[in-house]
Structure formats: structure tokens, C-alpha cells
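Assemble the complex: chain U is given as a structure, and chain C must be docked to it using the hints.
Line order of the protein sequences matches chains U and C. If you're matching positions, the first sequence starts at 3 in our numbering and goes up one per residue. If you're matching positions, the second sequence starts at 423 in our numbering and goes up one per residue.
Read the hints as simulated data drawn from the structure, not as lab findings. It is possible that some hints are incorrect.
Straight-line distance between alpha carbons at most 25 angstroms, and here's what the computed BS3-like set of lysine-lysine pairs gives [as the list claims (entries may be wrong)]: (1) 880/C - 1327/C; (2) 676/C - 1144/C; (3) 758/C - 663/C; (4) 134/U - 707/C; (5) 1144/C - 1188/C; (6) 277/U - 249/U; (7) 134/U - 1264/C; (8) 676/C - 134/U; (9) 49/U - 707/C; (10) 1056/C - 1144/C; (11) 676/C - 718/C; (12) 49/U - 134/U.
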Amino acid sequence: MLPKFSHVRPSSLRQAVQQLASSGSHVHAGGTDLLGCLRDGVFGAEKIVSITGIGELRGINSREDGAVRIGALTTLSEVATSPLIAQNYALLAQAAAAAASPQLRNQGTIGGNLCQRPRCWYFRGDFQCLRKGGDTCFAINGENEFHCVFGGSRCYIVHPSDTAPALVALDARAHIRGPLGMRVVPLGSFFVLPALDLARENVLRSGEIITHISLPPLAPGSISSYRKVRARGSWDFALAGLALALKLTGRRVDWSRVVLSGVAPIPWRSSETEKVLLGRDLNPRTLREAADAATRGAEPLSQNGYKVELVRGIVEESLRAIMESHPETPSERT
Amino acid sequence: MATIEQLTDVQATIGFSVNGSVASITASPLARLSRTLREELGLTGTKVGCDAGDCGACTVLLDGEPVCACLMATAQAQGCEVTTVEGLAQRGPLYEKLQKSFLIHGAAQCGACTPGMLVAATALLERNQQPTETEVMDALGGVLCRCTGYRKIIAAVLEVNDRVWGQNTPEVGHAVGDRLVRLDGQPKVNGTEIYGADEAPAGALAVRAIRCPFHRARFQFGDLEAYIAQHAGVAAILTAKDVPGENRYGVISKFADQPVFAVEEARFRGEAVAAVVGKGEAVEKLDLQNFPVSWKELPPLTSIDNALAPGAPLVHLDRKENVLVRGRVVRDDVEKALAEAAVTAEAEYETGFVEHACIEPEAGFARRVGDMVEVQACTQSPYMDRSDIAQILGIQPEAVRIIPTAVGGGFGTKLDLSVQPFVALAAWRLGQPVRMVYSRTESMISTTKRHPARMRLKAGANRDGKIVALDFHADFNTGAYSSWGPTVAARVPVHASGPYYVPHYRALTRAIHTHLVPAGAFRGFGVPQTAIAQEQLYDELADRLGMDRLEFRLLNALDDNTPTVTGQVLGEGVGIRACFEALRPRWLAARQETAAFNNNATGPLRRGVGVAGMWYGCGNTSLPNPSTMRVGLKPDGRIALHQGAIDIGQGSATVVTQICADALGCPIDRFDLVSGDTSITPDCGKTSASRQTFVSGKAAFLAGKALRREILRRAGACDCAKISFQNGQLEIQDGDRQHKITLSQLPTEHHGYVLTAEATFDPPTKPLDEDGQGIPYAVFGFGAHLAEIEVDIELGTVKVLRITAAHDVGRAINPTLIEGQIEGGVAQGIGMALMEEFFPGKGENLHDYLIPSAGDIPPVESILIEDQSPIGPFGAKGIGEQAVIPTAPAILNALHDAIGVRVHKLPATPDRVRAAILQAGIAGAQRG
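Pulled out of the complex, with its shape left as it was, chain U reads as follows (with noise of 0.2 angstroms):
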């Protein structure tokens, strides 16, 4: 017997939530991976919300306390092009625009984004791995190239997105809804490591969905950027990325936050490289520093410790960048 099947679409979120209720239901927005992943039996589903059509889950808007909301519906390309972004938030307007390609940054939503299933080529492919319930993880003494160096313990996903370490770095926060109503979550404690659950990426309960991002407002004169290592030119996952958020007085670093993509199964934040920023100017000194912080714990695998020199030259020259186009702090002079 086939299992029954339906497919709604709900008008508004409450609607939604009820829909999600129900076990082996799947939330439909972007779509860009739900039809793929539902081929390939990475996971399966017996309803399909589809919530496009909830109209308050879509925009970006400025709010009075000084905050920006970006509802979760919100296209890749309309956050990589908004003059909001870009003047408040470099960083994700970069990261937005450095994601897959401008056909999926049209279709692709930033909840989605966020919420996106792992890249590993044994999870998407004919491999019943650890985390689709087996009991083996091919990657370890499989091609290991693009997997996971911080991070990983028995599963060495690389979360995918572009835009979550951006979220990370700026301090963002989900906002969620749910069957007992709405939580507050940062970015930064909404993804989960395959040590705490191997079963899923991030903390969202079953029924719960993610409504909108909320980014505190940078200091003034703060400023940001996304850099991202791909193998090929346009439309490729990250191999390594850094999303760096600093502010100076000069040279000198008054708070930074340092998050990599492409090298653990969640955005990886590196406090230790805060660490050896906070309060120092930036020298070839202090880039040497930071690099090795940001690498220090690295893990890899038999073929991917090129990320972790990845990392160490992503650090080094988006520092020195920010460096050479910042006046030396004026005390240094003497």
C-alpha cells in the first residue's frame, strides 16, 4: 500500500503550524532541495506544507529600534540585492550573492538556506551513512575532500550554506514558530553538532518553522565581508569561507567575530581568534596569530588538510585586506 500523501498550502503561518503538526510532514518554500532530496531518498515525507503563499513570511523591513527583520521567505537574491543589507550588513549581502546561482539565489529562501540537509556526497548518495540511520560513516576511509575538519565526530558533514556563517557573525537571531507558539533563537545556538544529535542539522522541533531573522544593529563603523574558496568560478559550494565582522579604532580591534563556512557540520565560530584580536592592532604579527587560532583544533581527514590551510590563508589575507585599507592607529606612530 502506498502511504497517503498531501500536498496543502496554507494562507497563513497559523494555518501553516497546524499543517506541520502532523508526523512526516515537510515544509515547502524555496524548493530547491526538496524535490532532489525526495528523489534521492534522503528523506522522505508523507505531507508537503507549502507555505509560499503566506504573504508576512516574506520581506525585509527596518525596525524602529534600529534592528532589521528579514522574513524567512525572502529570496537569496532579494538580501543579496537589497540596499538595506548592502549599507547595514556587507557581510550578507556578500554571502547572499556568493551562494549557488542567480537562478537558485531567485528561488532559494534565507529560512531555507539556513535549514538546508548537509553536503556529503555519501548522505545524498546511495549510502545508508550514520546520519540516515546506518551504521557507518563512509567518509572517513572514503574520498574525504570536502568534508568536515572542525567539528565532526563520527559524522563529518559540511553544513552548506553561504549565508548562515554571515547570520552567525552578525549576531543574528531566529525567530520561530511553533505548536506551543514563539521562541527566540540565536544563530548562534541554532545549529547542531553531530556529537549532540546525528539525526539533524539545527535545534527546530518537529512542527516548528523558522518565521523571520532579526540583525541587531552593528556598531557604526563597523565593518564586514564574506570571502569564499570555491574550485570553480561561479556556482560551486564553498571549499572554505570566512565571514568576518570587526570594529577598529584604527588598527586596533575592538570586537570582531570570525565564523568560517565550509569547514564543520555548522557555521564555525572561532573564539579563539576573537580572542587574539580583541584589543590588538592588526600587524603581520597579529594576522599570524589569528590564522593559527582559527586553525588550532583542526581535525582532518586522510585528503582534506588543505582546508585547514584554507583557513589559515583566508584569515591572514581578509585581515591584512581590512589592514592595508585601515590608517595605522595613531598612537603606533611614535
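Just chain C now, with coordinates in the frame of chain U:
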């Protein structure tokens, strides 16, 4: 949980607008919009290349914004306005200009990506009339193209407003050399071109193959009858015992070894063991995981080393040591010469499987017509398909008709059978039309790849800079079946010297079987891999001699009178020196610029410049490969050219017509093309080995000349007479004399022509002796590329900044099409050098397997050298494979020039480059 097939069982009424009309359809809300557009609404201009958003061929506009229709559930389009390529014209006059710009620039080759490119470009131009190059590259970045190398597409978009577009018709006698717009171009920019998946008879059944999920496994079927009974709509299951003729095929009949369906043991992951035939939707929705077959996985041979290990199981019992075939060319005493050489260099290089990644996955249909079977599918080799299908069905070749569709990229892989045996067998047995469309994954796991190569070589030179010897040993992983393995093993030893005089020479090759996907033909038959090793080694020799790398090559380059490694003296048309000389100005400038850049470098970027040469024999290696062309004059004064050369995008249909028009001395716009169909076109062989311009072009030349002779004979005119057409009359102006022939008064022959001529050309070659000495090819093409690159020594990333490509094409019949071949070859060379490696079993899709995108291709300057071949039509030589060969070694030589390291296992991905940098302890790479 339900599968996607079951999910799509639910139906809903969905309303949206398509190309300005309201569509209300009943479909599954989760059906891919691409499927709904193609199958329900008949809008087949939207191509499906991957069903994963990776290739962008299915790009449509949704409320004016480009999206991938394959990722859109049909329900998502509810209430939206969808524009497909067929509807672009309604959006305004811009589109007509864009189409013309695509045609004039040669931006459409095979045409499979063209609808996606046009849609993406229209969206850009609608909001930005004057985009920058970067904006164009970004806008097109989501659409992959495997033919053009993107530069002509980018130019077509950038220059859409630049010219007054008109139709160009060259003067009589000047078609050759003209930048004629491809004659088959219009349907490619209209979205009306018919590819393998675009047409099928109403009610055609569908067939799906059951494929082995392991590299090697024994298998047993369960109750197949019960399976049929339990699944409504399933009409039959086919297995080896249903094959009426021989369950065996292969492109080289002597080595034919591939079964339509494996028997008892499957030899590679992706090999078919059975097929399910039935009603389209029913078969599409089957969950083949439940098919009654049990597998017993067996230990596979997955590398050359495994396969050669003592005691390794034999992939084929009659092939000892798993060696399919050996190749050998030996000239004089290489060991002695190496021992006496003033300098020597040696190296080992390894390359991986490379996937053709045609944007069109294999597809087609078959139907039985009485005692005949017709197969309409994408193919590069209709006559070879015909004999193999006949053998499989146990019928005469004349009972098989092959009707090739447009081919959405071939590059060698569509020389081998794919869907044809399945659809032909099913249609033959069931008496109903049957269609099959490969998914991207099915295409990647089951069709041929470029041979992985492991090469060991040593070369020596004298103090004066002359190369004295090369010793070359290569093993090629040919996979589970022979395919073109013998051709690679035979062609490589002839070419491993490069286009240089090498007096002492030994090249030994083996094609080794493993339990992996068969490696076959891919643009260059092993020579691109060989050039990667040999051209890097020659750089090493030059460095050891302290010589300029370009001048070293010039000093050693072949000329008309030096013998090749098979002892052939070409006598004329050896244009390799001219190619190197053409690169010299850019070489000298680039060397200076690079040195200046590196001297001033404070950051992690370093630049390098590299050069590599190439030669490539056109046509089969010491084997006959004739082409036959027929040209006929119709009573109405039109000229029909029956040309069976399959145009896979390279432009052969246009080129052979240009040649025929000038040979005949008639205007090219009088020609009507009758293209490849085994029932109406004579055999033009296969589209491979860079032979169509040369061999089929020569046949078209001879046929044109023969028809001309016949016309002139009837008029009693001399060969210098001019032929023209006036009001149904043929006018022959011979000096002061004028003759008229009223065509409608002449009797017609059985094709309906009043005058007709047919000609065959088979290039003159001589067999190679046991040392490989002889005349393997009548004509060689020559070329050299210069690559300028930038390396980030901290990240290991390589960016190609510029390619300068000089090619001796003998005579440039159509410079635009030749540039298209060069730029496309460069793109594939960049892929091979820097990003492409296929792992059977992993990443069988186009986001794990990366081919170059619009953002990866630098400006390419093509320099055409015309050192005419005494044999080719108007002096022309081939260019298709020649174009890809020198790019990768030029890039790798540039990498060494930039940072002093060589990557010995390709591709040179950031991880391997960075590892090589660290291993070499490059100054500057260690920070601080």
C-alpha cells in the same frame, strides 16, 4: 514514508500563465515545472540536463526572474507568469537581436544550453541594457555550457546592440573562409531543435534499466512474472535471455564485449542487468529498489594496480593479466640514446576519469515498422549504431533505420550505444514505440569516460638543445569493457613524442581492465593525457639546458621533411613551427609582465606563463574510414546535399556545405541539407577523430566537383566556366559562350534529382609494422597554446588569466566555427587541468563533479595558421580534438613557472597545489 514517485500521485488543478496564455492543468503539485512544461504543455524548448539545479538548461522566467524549472514544483507556479524560450519573442524586440547576436557570434554550438542561456541573458538585458562583462558572467553563471567555452556567449550578450544584423551570403566561390552563420542555427535559438528527449510517438511506452549498485556483483532475479502482475502498467521485463541476437556490442567489433544486459555477474556500478517496460507514468513511478533482484557483492578491481596484481581475478577470462590490448611504437635504440644524452629528465603523471558532461543526457525512442526497427536517438555514429543494433536483434542492418536527433554535446561519449539497445529491443519485442531518457546520474554512471592514465617517461637532449630520445610508458584504466580502449592504446604511442623530431623513441601502452565504468572516446583518445606528461617533461629538459622553453620547442619542432616517430615524412603542411612563432610576441611580453608582477608581489599572488605544443592525426589510426557524400540538383534549381556527417555542435553540416558549394561553384543559399539518417544519407562514418572536415569535407568536395564536371560536360564547357541559376534554368558562362539547361526538362532519377553525383573519400594510410612504423594518418593538425595564470600561494587556487591559442588548421573553412572549437577545447582543458575528476560511486551529479562555469574562462585569443594540407579539402585539417590537447599542459607549465612546483596527480585542485607548495617549501608560502 512515500517516495517522490508516490508523492506525485496526488493531482491538483494548477493555474498559471505560460508565454502569455493562461494554462490550467491537472498535475501533481510536486511535479517538476520542467516536466509539466515539456510533457503536459509540449514546450520542449526548456531542456532538462540534471534535475538538480546544477546546469541551468531548464532556466525559465518566473514573473520575470530566472529560475530552474527542474527545481520548481508545479504548484509553486500557481498564479505566476512563466516565460519559456518559446515565449521570449513576445517580450519585445530585444530578443530578436539577442538571437541574431547568438547566431553571428557562434554562441550556440550543440544548442542544449542555449535556451537556458537565452532566458538568463534576456532577464539580465531587460533590467540592464548595458551590462558589464562581470555582470554578464554572473548572470550566466548558473547555466553550464560544455561546447563553447562561454566567451562567444558572453560576447553575444555584451554586443547585442552593437551591430546592424543582416544575413550574410558569400559570393559564389567564396563560401570557404567565410564566417557563415551555422546553417542549422535558427532552431537552436528558437527552442525548436529536437534532441533525444524532445519527441516520441503518442502513447510510447517507457523503459527503465535496472542497474548494478556495486562495482562488481553476482546477481539473481526473483519472480519477474509476479512483479509484472503486481505492477499495473508494466508490460514486460527484459533480461539477457530476451536478446534475440547477440547479447554483445562494442565500437570495435574485434573487441566487442559489452552485453546489453549482464549475465550472472555485473562488472561495473551502473551496468544494466534488466529493464522494465510499460506505460510511461507507471514505469516512471516504480520504486526500483523493490525490483526482484538479489545482489552478492564481489571484491572489485578498482585501480590499475589492483588489476595488475599477481593473482588478480580476470575481468574477462580471455584477457590475461587484465590487459585488453598493448600499443607500441619503437624507433632506434632509446636506452642507448638516453644513456649518452647530455641532459635527461624523468617524471610520472597520473590523471583520473573525466566525464563528458554533455548538457543533454542520452535519450531517444524506437518503433517497429513491420520487419524493420527505427531508432531515433542522439548519436555520433549512426552507421555503427545500425550494425550493432542489427547484431543485437539478430536482423540485417538494412532492417534497422537510425534517425539521429540533434546531439546536445557528444565529445566522444555518444559514439557508443546508450539508450539504443534498450529501446530497440523493447520496441522490437513489444511491437509498440518505446522511449528512454537517461537521468543525469544514469548518464554519469553508465556511459564512457576519459581514460585515467598513469604515465612514466624519460627524455634526453644534447647540449645543442636537440631532443635525442623519449621513453614513454603508459597504462590506461579502460574499465570493465573495451569500448575505445584499443584506439587509445594505439593512438597514444604514435603521438607521445609531441610535434617534435625525436630520433630515438619507445612508447609502450596498455589498456587495463578494472571493475569501473568503461573508459572510451573523449576528445583526443588519450592524447590530452599524454601531452600533460610529455609537454611538462620537455619544459624540464629546456630548464636543464638553460634554454627558453618556447625556443627549445621551435628548435625541435617537426618540419615538412623530418620523419615522425613512425617514420612518416609529411612533405607538406607541417605548421607547428608557425604556431610557435605566432605565440612568440605574446610569450616575450607575458614573460616580462609576469616577472615584473612577481618582483613586486608582496601578497600571496604569483603569476606564471606556460607553453605547450600539440599534434594530432585526423581520422582512424591506419584503418580505413571512408565518407560518402551525395549531391543532387533538383528540377527547381535547388541543390540537395545528402550529408551523413553528424553535427554535434561543432558545425560540420555548415562546413561540408561550404566546401561543396565552392567545389561546385554555386551559391550556398541554394543548398538544402539532408542530414544523417541511415535510410537517406550515405555513410559518413562517425563524428570522431577530428575527421569530418577532413574526410567528409573531402567527400563533399569530390561530390561537388563531380556534379560540376557533369554540368560542364553537358554544356561542353571548360572547367573555368561559371554556373548560375536563372528562372529554373542553369546558365553556364564559358568565356563568351553561354549555355542553358532547362532543369525541368531533364529526367529525374530515383532520388528525384535531375543531376546527381556521389563521391567517397578514404584517407590514404599504411598499416603500422610491429615497431609501429608506417603511415598512421594522412593528415595531422598542429597547434600550441600559451597560458597565463595567477596562483594564490596561500590558498592553492589557480586562476587562468589568458590563453593564446595558435592552430594550424590547413585552411580555415569557417573561422567562427574554428574559434568555437578552440574556445570550447580550452574550457575542457582548463577543467582537466584544474577541477575535473570523476569517482565512480560518488558525486554522480554536476555539483560534485565540476565542469568550468562562465566564471572560469579567461579571454582566449585564437590565431589561425593556414599551412595547407595537400590532401584535405581546400587544404583543411581537423580541429575538434586538436583544440583541447595543449591547454592543460600549458597551464601546468605556467603553474611551474609561477611557483616552481609540479602537481603529478591531476587535476591540480587547491588541495594538491597547496600540498605541492608546502612540500617544496616555497619561500613566501611559509608565513612570517
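These are the hints, each one checked on the structure:
Distance check on the hinted pair: residue 880/C and residue 1327/C sit about 17 angstroms apart at the alpha-carbon level, within 25 angstroms; holds. Simply put, residue 676/C and residue 1144/C have alpha-carbon atoms about 49 angstroms apart, too far for the 25 angstroms limit, and the pair is violated. Restraint check for residue 758/C and residue 663/C: not satisfied, since their Cα atoms lie roughly 57 angstroms apart, outside the 25 angstroms limit. Restraint check for residue 134/U and residue 707/C: the C-alpha separation of about 23 angstroms stays at or below 25 angstroms, so the hint holds.
For the given pair, residue 1144/C sits about 39 angstroms from residue 1188/C by alpha-carbon distance, which is inconsistent with the 25 angstroms threshold. Between residue 277/U and residue 249/U, the direct Cα distance comes to roughly 14 angstroms. Compliance with the 25 angstroms bound is thereby established for this hinted pair. At most 25 angstroms may separate the alpha-carbon atoms for a hinted pair to count; residue 134/U and residue 1264/C meet this at roughly 16 angstroms. The straight-line distance between the Cα atoms of residue 676/C and residue 134/U is roughly 46 angstroms, outside the 25 angstroms bound, and the hint therefore fails.
A threshold of 25 angstroms between alpha carbons decides the hint, and for residue 49/U with residue 707/C the separation of about 18 angstroms falls inside it, so the pair holds. Annotation: proposed proximity of residue 1056/C to residue 1144/C holds, straight-line Cα distance about 19 angstroms (limit 25 angstroms). For the proposed pair residue 676/C and residue 718/C, the alpha carbon gap of about 31 angstroms is over 25 angstroms, so the pair is violated. The straight-line distance between the Cα atoms of residue 49/U and residue 134/U is roughly 20 angstroms, inside the 25 angstroms bound, and the hint therefore holds.
Of the hints listed earlier, those the structure fails to meet are numbers 2, 3, 5, 8 and 11, in rising order.
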